[in-house]
Each structure stands twice: as structure tokens, then as C-alpha cells.
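Residue numbers (the numbering used here), protein chains in the order written: chain A, 40 to 438; chain B, 992 to 1234; chain C, 4 to 165.
In short, the hints are calculated from the structure, not lab data. Bear in mind the structure is a predicted one, so any value in this text is a computation, not a measurement. A portion of the hints provided could be inaccurate.
Said to hold, decoys possible - Some chain C residues close to chain A (C-beta under 7 Å, calculated; not the full set):
| no. | residue |
| --- | --- |
| 1 | D7 |
| 2 | E9 |
| 3 | H10 |
| 4 | R13 |
| 5 | L14 |
| 6 | L27 |
| 7 | R29 |
| 8 | V32 |
| 9 | F37 |
| 10 | H42 |
Virtual Cβ for every residue (Gly too), placed ideally from N, Cα, C.
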Amino acid sequence: MQIPVEGFMYPNEVELQWSVLIVLYPFITGLVAGAFILASLERVFRVEAVKPTYRLALLTALAFLLVAPLPLQLHLGHPERSLEMYLTPHRSSAMAMFGFVYLWYLMAVLLLEIWLDYRRDIVLKSQSSTGITRLFYRFLTFGSSNISERSLRIDDRLGYTITLIGIPSAFMLHGYVGFIFGSVKANPWWSSPLMPIVFIFSAMVSGIAAVMLLYMLSTRLRKKEIDMRCVDKIAQYLMYTFIIDFSLEMLDLIQRIYEADESFRSLDFMVHTRLWTSQVIVQILLGTVTPIALLALTQLLNFNEVIRRRIYAIAGCLTVVGIFAMRWNVVIGGQLFSKSFLGYTTYKMSFATREGLLPAIVLMLLPFAFLWVLVKLLPPWPDARTASASGTAPAHGTT
Amino acid sequence: MDITRRRLLVLLPAAAVAWKYVQAGTPEAAPNYKIAEHWWGMLIDIPKCIGCGSCVRACSEENDVPDGYFRPWIERYHVADWKIERPHVDSPDGGKEGFPPTEEIGGKNFFVPKLCNHCEDSPCTQVCPVGATFVSPDGVVLVDKNYCLGCRYCVQACPYGCRFINPKTNTAEKCSLCYHRITKGLTTACCEVCPTGARQLADLKNPKDPIHEFLKTHTVQVLKPHMATGAKVFYNGMDGSVR
Amino acid sequence: MFKDTEHLIRLAVVIVILLVVFVLLRAAVVPKSFGQYGHYRGNAITEIAARTPAFAGHEVCEGCHIDVIDQKKLGRHANVPCEACHGAQAKHADDPTSVKPQLPDTAVICARCHEANSAKPRGFPQVASADHSSGLACNTCHKPHQPKIEDEPKSAPAGGKK
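Let the sequences and hints guide you as you build the complete structure.
In C-alpha cells:
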């Protein structure tokens, strides 16, 4: 298809290299990192109030982390060669090193932490269930059915250590994605030392908002009572994190406008024309300023539970949309202008092709399908309790 | 005159030796090519370029470049008055069929041929996650199309816009400095056909190379020096407006 | 004591097994020439160098077409390589009798260099072909290998000078 070009672009630049799938990827890994940080708030920083969302946050992180490599596989010219990144990683490449950061986070942090926290329930279910699920639980027990007081205490200590390691790991996971963009000196829209930090904080914002929304929605669907103390706390953390994130982004913007280097005129024009809707309207006004204002209102004024829940839901949804818009503006925005600073191209997103809108939508829905399965196999609900043979209460885990 | 292959070989021993390897299609470079003795670059003489597009067409033919993608290309600049920060540039189909007459009157008008700069500190090889693109021991940045994943990170990292993804192989591609020619004692296809000598191959390790000599005695520039890429394509007579 | 950490020991064993599998996989799958010169497949260099050139290079043409060369080297096109106009001729050089090159069409090919354009260097010979030849093919008056028209006119050209 003919791609409309304004001004001059180097001939090979006209077609965009990274599509909506590459927008999806940092969005998904961001949700993972953010959900995990919320979980660690309880475990490491002992914020009691958010305990009801602990296990849900971990499962959400896992569901999204499992889907994360899929947009990349669809995007690669030769997905069958992707193992090369693990077999012959080029150490100077941020993308190659990220493969290991991802693997480390998945295996050593997330899976291990979930396993340790759920182990008592897994062992009990391996004894009480039947059929294929029984085989599944038995596999997860690694053949050991010891859930004595002492073993559970050991699990708890180990889990604590893993969460402790997990926090910098989560920062690395998404900070690295920021670095993949931020280290490209050829692209002035991306190249910035602030990029990893901005990505981390926007990841936290999106993850916290996503877990908050999922908790509220799932509790409603199960016709149970939403723990307002929990949700109020989460909303508070969301607001503070958002203020930091917004400050960082504004700092970047103000510095760019003030210094006005050789790329500025071109980027400024791009924001005012091609990125106006997605950046100024969706990301900044609707996706950042509005949720912060709404959340600030709930902190300053005394609203009743119903109104607070509505505000949190609206703020949460706007937040998630806003952070998606931020990823879009970074990835797509970075490719809409020419490196000659003399022209602009257009992103023509197709629908039912390998990198089109349809697979993007499917990939966004897939984590919820995974989450549904995970929630069935490993119920995270605070009031779901597996009958224990010995009657001992777990050292940590469900309330 | 009755030309036979044998006579051709007798007439031109030097070309014949290289040609034998060309015909046999043997995987080694010609036996007298010592990889460590060369460090390749190029000189572009802007005042000589006439924008005929021969280089773009020749490379297309030599290297099977797909339509709409460019290994070398030509840009035409129009600089009004003293305004070198705001040139007007165009490159219709990369300059492949030459350039239509311009409407721009007055000011400075000139052509700038471009290609991969075969950087010594190449940012594209730095970011390749698997080692599919690399700087060869003789200074040519090459792509191993049997190893490339097609992740496109290198295309993003190149400041000069010289890389693309070949839609047939789904791998990264760019000017290879006609590696299959220069290792056989020939010059690149674009330098071969350039009618005015605006493009000339340079061996920066060879002190007797006349182009190497030229670089030592003339004012030359590289594109985007602030990127510190160690570019080895040098431009003689380049205006400050060139991006 | 070990009874209570049994599950962790089993997990550790699984991890070690996975690592060993990875190392073995790596030894089996990574191409042998990888790392020969640097972080890439050494064979890639020989594979890339093995491609057959499409352009023969003007020295090869000069081996046979001595008469044309003698004419060309006295004229304005002395430094214009043969294949700039005649296209890639490696196949022809390889088998001169059975592969016959097609003569280029001067109506198209000359204009690419010589059509007037303000971006071309001032001193370079260029004409606005509509005024210069009003649509006639260039070789009506010019000999491509010796393009400068001699002072005595041989036949009436359509109009204008070079």
C-alpha cells in the first residue's frame, strides 16, 4: 500500500519497522512489573491493607508474562531462529541481555514465588482432586508432600528472600525494556537516560491499576464484598506513583522544549500533528491528568464507598488506556519522523495480517484467558480455603 | 575478431585469475586476497555527482535488491541563500531513474549519493541480539542472512537509514560494499558504473591507494560525526546542509 | 532436617538438569564456525564472498573490444565505464558468442546523465532535450563512443548545439 509521506524521508525509512505488536510488548511487561511491585508491597513492606490482592497480583503477573513473548514471535522475520538469542547472545545488545532478564524473572522470581506461596494448597489439592488436575497438582509438588510447620516456615523465609530479590528484578525487567529504546542514539525521540525510569514508573502505574480493577471486578463477579480498606490503599499508591511518573514525563518534555536541539522542530511538529490525539488528548489529558485529579479528589474529600468505587474504576480504566497510549507514542511516534528531521511518514496498521490489529486484540485478551485458568487451578481469593488435613494454619498466604 | 574464452584468458592474466574463481563459484575469496591486509572505505566526491542513478540501478542488478528498497540511493538538495539548516531534499524512488527537472531556482543545488557507511564503531552491530550483523576483519559491515532473526533492531539503530528488511528473505539487508567483488580484486558495482568517478572504493590499509592519498590531502567529512560511529564513507565537497 | 527441605532439593535438582540440557543443546546447535573471527558465523564471510558478480568490470571488456576502446579513449566518454551504459555483462564475458547484449536505447539512457538539471555541476555537459533535439534519439547525431560532434557537419542535425 502507498504510504503517504510529508517532506523528505530517507528512502528506507518510509515503512515502519516496529508495529502495534511492539507497542503491546512493553505494555504487557509493564503490567507484569507493576502487578509484582504491588504484591511485594505487602510481602516486603508489610502493607497489611493490600493483602487481599497479594495472590491475585502474582497470578496476574504470571498470566501476562506468559503472553509477553507472543507479540515478539509474531513480529520476527524468522521466529524459528529465536532460540539463537539464548544460544549465542550478543552481550552488547540490550535485546539479547533482556532475554535472560525475562527468563530469570519468570523462572527464578515469579514461578518460584507462586510455587512457594501456594505449595501447601498444591499438596492438599494433589490429594483431594481427581483426573487430569490431580496429575497436574502432583507434578507441581515435585513428588514431595511435606507440608509440616517447619517446611512451610522455610518456604516463607525463602519466599520473602525471593520477593526481596524480585523487586529489583521487576525494576530490571521493565527498566531494560526502557533501555532497549533509550540506548538507541540514532533516534532522538527514544534516546534518553530517563527512558528506563519513565518506563518503570509507568509500568508500576499500569500494573497497580490493572490489579485494582481485576480485584474489584472479580470480587463483584463472585458476589463478594470488596475490601474497601484494601482498595483505598491501592488507589493511594496508584496516585503517588502516578504523580512521580507524570513529573518525570513533564521533566523530559520541558527540557526538550527549552534546549530545542536539532531534532526539536521536527519532533514538535510531529506531536502537534500526527501525535496530537494519542499523546496530548489520550495519554496526557485523559490518561494521566484526569486519573490523578480523580484520585486526588478521593484523598482530599470524603466520598462514600459507592462513589469511591466508581471513581477508582473510572480512574483505573483511564490509567490503563493512558499507559497503552504512552507505549504507542513512544514506539510508533519514534518511527513517524525522519532521522533527517525533514519529513514524516504514516503508520498504516492492517487488520487481519501477522502484525495487524486483530492479532493485537487477541493477544490483549489472551492473558485474561490464562488468568481465568490460573485462578481456577490456584484460587487466589482471600476467603477460598483448602481444607487442611492437619488443621495447621499456613505461615503466610491466604488471609 | 574471433573471441574465445581461451584468448580472453591469455589476454588478461590478472583479471583471468580472479575470473576463474568467479566462474567456478568457489566459496573462498580469490587466493591472493588476504583479509587482514585490507580496511575498506569509500570516497564520495559531491561536486562530481550528476545524479544519473547508475549506481542505484547497478547495485539493484548486482545484488538483487527488491523494488522500493535501497542499498545506495541519491538525494538532491536545494539550499536557499544561507539557510543551511533548512534544506529542501528529495529522492524520487531513491534516484534510481535519475531526477526530474527541479522547480527550485537559485540557491545551491547538488546531489548527495549515500550508502551504508561501514562504520568502525557500528551502532547496528552493537544492537544485534544474535550476531547476525558484524564488522568483518577487513572493515565491511555485513549481514548473515542465514542467522538473522528479522527483529529489526539494527534498522532502528542505524542513524543513516541505510538498512531495510528484505521482504523475500525477511532478514535485514543493506549495502555489503559488494564484498563478493572486492575480495576478488574488482571494485563495487556502484563505483564500477559511476560515469564521473563520484564514487570510488578506498582501501584504508593500503598506503599506495590513490583514494587513501586523497583523504590525507583534502578536506573531507563524514555524515553525522556527532554520532561517533567511525563512518568510513568520506565526502569531499559536502555542504553543511547535508543530513 | 532434610525432610523439611526435600521439596527444595528436588527443585534444585530439576534446575541443574535444565541447565545441563541447555549446555548440551548449545554445543549441538550452535554453528561450528561461530566465533571464528568475532561474535558471528565465520562461514558467513565465505558465503557472502561466494556470490557471482553480475558486472564484469571495464578491464574485462577492454580485453576483447579493443577497437571500441581505442575510439572511446580519445573522446569525452573516455572515463565512462562500458557497463554504465551497456548494463551488467558478466554473463556475456563468460560466454561471448551465445550471450549477446542488447544495445541500450539512446532515447532513454543518455538523458539520465545529460538532461539539464540545476543540481548537476555547472560545467557538466547537459541539455534540455526538448529544445536540443526535439524528440530525436541522441544517436541520430552523436556517436556514443565518441560523443563530441566534429566541426564539419555531416548531415543537418535537427537543431541546436551540444
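Tell me, in ascending order, the numbers of any earlier hints that this structure violates.
-> 6
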